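Protein chains in written order, with this note's numbering: chain S, 1 to 184; chain Y, 1 to 141.
Worth double-checking, as some hints may not be accurate.
Stated by the list, open to error - Restraint ranges, calculated between C-beta atoms of paired labels, are given here:
#: 1; chain 1: Y; residue 1: Leu41; chain 2: S; residue 2: Leu101; range: 27 to 33 angstroms
#: 2; chain 1: S; residue 1: His77; chain 2: Y; residue 2: Trp43; range: 21 to 27 angstroms
#: 3; chain 1: Y; residue 1: Leu41; chain 2: S; residue 2: Val168; range: 38 to 44 angstroms
Note that these hints are calculated values from the structure, not bench results.
This structure is a prediction, so every number in the text was calculated from the model and none was measured.
Backbone N, C-alpha and C fix where the C-beta goes; we use that ideal spot for every residue, glycine too.
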Amino acid sequence: MRHDERMDDAVDPAGMISPPAAPAAGRRRRIAARTRLDFWFDAVLLLGFTLAYSYGFTGIGIHEWLGIALGAALLLHLTLHWDWVIRTTRKLVSPRGPDKLIYLVNLALLVAMTFCVASGILISRVALPSLGIYPLTGPFWTEFHFKTADVTLFLVPVHVALRWRWIVRVGRRLLTWRPVRRPG
Amino acid sequence: MDRQGRAQAADLAAGPAAGVRFLRHLGAVLLVVAAVVLLALAWNHLAGGAPAAGPHGPGARVPVVVLRGGRVVARPRTRLGRVNGPVIIDLRMDLGLTSMFDPVNLPSLRHAVVIEAGVGAAVVIIDSVRRRWRRARRAGC
Numbered sequence: 001m002r003h004d005e006r007m008d009d010a011v012d013p014a015g016m017i018s019p020p021a022a023p024a025a026g027r028r029r030r031i032a033a034r035t036r037l038d039f040w041f042d043a044v045l046l047l048g049f050t051l052a053y054s055y056g057f058t059g060i061g062i063h064e065w066l067g068i069a070l071g072a073a074l075l076l077h078l079t080l081h082w083d084w085v086i087r088t089t090r091k092l093v094s095p096r097g098p099d100k101l102i103y104l105v106n107l108a109l110l111v112a113m114t115f116c117v118a119s120g121i122l123i124s125r126v127a128l129p130s131l132g133i134y135p136l137t138g139p140f141w142t143e144f145h146f147k148t149a150d151v152t153l154f155l156v157p158v159h160v161a162l163r164w165r166w167i168v169r170v171g172r173r174l175l176t177w178r179p180v181r182r183p184g
Numbered sequence: 001m002d003r004q005g006r007a008q009a010a011d012l013a014a015g016p017a018a019g020v021r022f023l024r025h026l027g028a029v030l031l032v033v034a035a036v037v038l039l040a041l042a043w044n045h046l047a048g049g050a051p052a053a054g055p056h057g058p059g060a061r062v063p064v065v066v067l068r069g070g071r072v073v074a075r076p077r078t079r080l081g082r083v084n085g086p087v088i089i090d091l092r093m094d095l096g097l098t099s100m101f102d103p104v105n106l107p108s109l110r111h112a113v114v115i116e117a118g119v120g121a122a123v124v125i126i127d128s129v130r131r132r133w134r135r136a137r138r139a140g141c
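Chain S on its own, in the form it takes in the complex (with noise of 0.2 angstroms):
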């Protein structure tokens, strides 16, 4: 059974609990402050991933500290999410042990995002300049990032759609505004 069929509403990919929702009281019913950041985090990073690969659309200042600061997002990201990673990687020795998939997808979403971000940084002509720091160059650094970024835009809608259930769940829940409900 994987992860995710097991899920119920209380329980986010992080692993983390939830309190049972609050009746409805006019206003957004009670999710657990860590699952709404999880949410609305992962949410940035997509839309910051977007418009950082949208080269053409954002120009070069833009894409380059974009794309730093969607490094140190990752950063954020990965820990956060850390337990995750503990837990399904101490799992994964079972014959079938849940998550396999996403596992081997977030991982390989690491990696290229890794080379990406670095590659990137190691080909900057505006933002490390304009800080007196001149990285190196070189067409192989040009041509990584081009052919990781590639793939990381198709792994990332994977990492995003194989917790589309969590997703649809959790934002209903945050964005639907339910009626004050009035006595009597």
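Could you slot chain Y onto chain S? The hints should help.
Just chain Y now, kept in the frame of chain S:
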């Protein structure tokens, strides 16, 4: 407390130990990321991208030129490299704020969004079909 009367995981994590735990996790993440970066550097080295292997011969040096607004403002140093000309670094901060509002540049964003939406939708469809199929098989047993 959750529905089963257990303390919330978030509550367990809270407290003075939470900061230490976060830093420990961050340290582990940094180690993993550093290992991946080292892997990339090793790849570059094995692919012949080491500076000493350039077309100018071992240890060839390439001048670095810094421009601001099209004018050379500094030639900070030379460095090892295998490019055939000087490395030009333009300090002009093109933030691209205007380019984002230019409809001509929208196809670039659309391209990324279409790929993400397409791949995401395919995964969701495959996952739904697979779940339905498994549920039907379980019900049939």
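Right, here's what the structure says about each hint:
1. Leu41/Y - Leu101/S: 27 to 33 angstroms: holds, 30 angstroms
2. His77/S - Trp43/Y: 21 to 27 angstroms: holds, 24 angstroms
3. Leu41/Y - Val168/S: 38 to 44 angstroms: With a Cβ separation near 41 angstroms, Leu41/Y and Val168/S satisfy 38 to 44 angstroms, so the hint holds.
Taken one by one, the earlier hints all hold for this structure without exception.
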